[in-house]
Amino acid sequence: MEQNSSSHFINADSPLGRKSKLKWLFFNLRDNMASSHLKIEPEWFPRESFDNLAILNKHDSPSRNLCNLFWSQLNFKDLLDKPKLRLLEVGCGSGRYAKILRELGHDFFYVGIDVVPSQNWKTVSDQVQAEFFLDSATNVSKYLEDVDVVITQSALEHIENDVSLFLALKEHSDATRQTLVSVNLVPSPNNLALAPWHGIRQYGRATTSKILHAVGDNVSLRVILLGGLHSSWFQFRELTLRSLLGKTSSIGTDDYAEGLKKVIMKDAKSFKKNDFKGATFLAFILVFNPK
Numbered sequence: 001m002e003q004n005s006s007s008h009f010i011n012a013d014s015p016l017g018r019k020s021k022l023k024w025l026f027f028n029l030r031d032n033m034a035s036s037h038l039k040i041e042p043e044w045f046p047r048e049s050f051d052n053l054a055i056l057n058k059h060d061s062p063s064r065n066l067c068n069l070f071w072s073q074l075n076f077k078d079l080l081d082k083p084k085l086r087l088l089e090v091g092c093g094s095g096r097y098a099k100i101l102r103e104l105g106h107d108f109f110y111v112g113i114d115v116v117p118s119q120n121w122k123t124v125s126d127q128v129q130a131e132f133f134l135d136s137a138t139n140v141s142k143y144l145e146d147v148d149v150v151i152t153q154s155a156l157e158h159i160e161n162d163v164s165l166f167l168a169l170k171e172h173s174d175a176t177r178q179t180l181v182s183v184n185l186v187p188s189p190n191n192l193a194l195a196p197w198h199g200i201r202q203y204g205r206a207t208t209s210k211i212l213h214a215v216g217d218n219v220s221l222r223v224i225l226l227g228g229l230h231s232s233w234f235q236f237r238e239l240t241l242r243s244l245l246g247k248t249s250s251i252g253t254d255d256y257a258e259g260l261k262k263v264i265m266k267d268a269k270s271f272k273k274n275d276f277k278g279a280t281f282l283a284f285i286l287v288f289n290p291k
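Counting along the sequence shown from 1, when you hit position 269 you're at 269 in my numbering, and nothing is skipped either side.
Quick caveat, the hints were computed from the structure, so don't treat them as lab data. Take the hints with a grain of salt, since some may be wrong.
What follows is a set of in silico ranges between Cβ atoms, one per label pair, in the way DEER data are often shown [as the list claims (entries may be wrong)]:
hint	residue 1	residue 2	range
1	Lys269	Gly216	36 to 42 Å
2	Leu22	Lys142	35 to 41 Å
3	Pro290	Ser136	26 to 32 Å
The structure presented is a predicted model; accordingly, all values stated were derived computationally and were not measured. Each residue gets a CB set at the ideal place from its N, CA and C atoms; glycine is no exception.
With the hints as extra help, turn the sequences into a complete structure.
Below, the structure written as structure tokens:
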């Protein structure tokens, strides 16, 4: 069984030569354009979520802001009815989402793993109920005991054998006969242009379908589209293009903050159903052994 949802293993997190860069672009473009025999009906991020635009941060990209809007509206108890959850973040980085999710009102005990240690881990552990481990996604099974929710935020695209992560979750859920929820925020096909040479892949119909096909029966999937062409173009114009041209980004300015709000609201009014390729970012939720 395939362990990688991509058709290649070229990781742009490491320095690439010109030939490898071209291969990376070609393979990802091909993967992003590929269709799938599995029927996936993506959902639009609920419009009522945009009542919470006060949490927008003018120092973050549209993608990151859309992700934080999503987390602010996600009710874990709608997915798993437990008084307090044990949450595992794979590829946790600095552990910033332990604090962000807590500040957004979520109640949980947090465990984070990452292949690179962060000096911020101790600070986060002192502020919220959290613990951190230096480890890779390939060893995720070691941390699943009593875990209810597994999340990734902008991490899955960096994991070479991403499918194997979900196979491990499936195996654990089947063995324990417990419901396990996985929430993943990942770059859409648009990110081939928005963040070129970043990680291994983006996630479109074909890559997402490979994951669903691998985990098999008794698993539900929801795909939620975050943002659209207005947000994507704004990010490309204000961040990506300026960086490529050696110009200073407008991020952090009042004009940027105002433009950010406008494009997010424009996308809310002009959403096109099933438009994987138009989305700025994606969230997909897998529920193993749903009740």
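Are proline 290 and serine 136 spaced within 26 to 32 Å by their CB atoms? holds, 28 Å
Is 35 to 41 Å right for how far apart the beta carbons of leucine 22 and lysine 142 are? 38 Å Cβ-Cβ, so the 35 to 41 Å window holds.
Range first: 36 to 42 Å. Now tell me if the beta carbons of lysine 269 and glycine 216 are that far apart. Given range 36 to 42 Å: holds, Cβ gap about 38 Å.
The structure meets every hint from the earlier list without exception.
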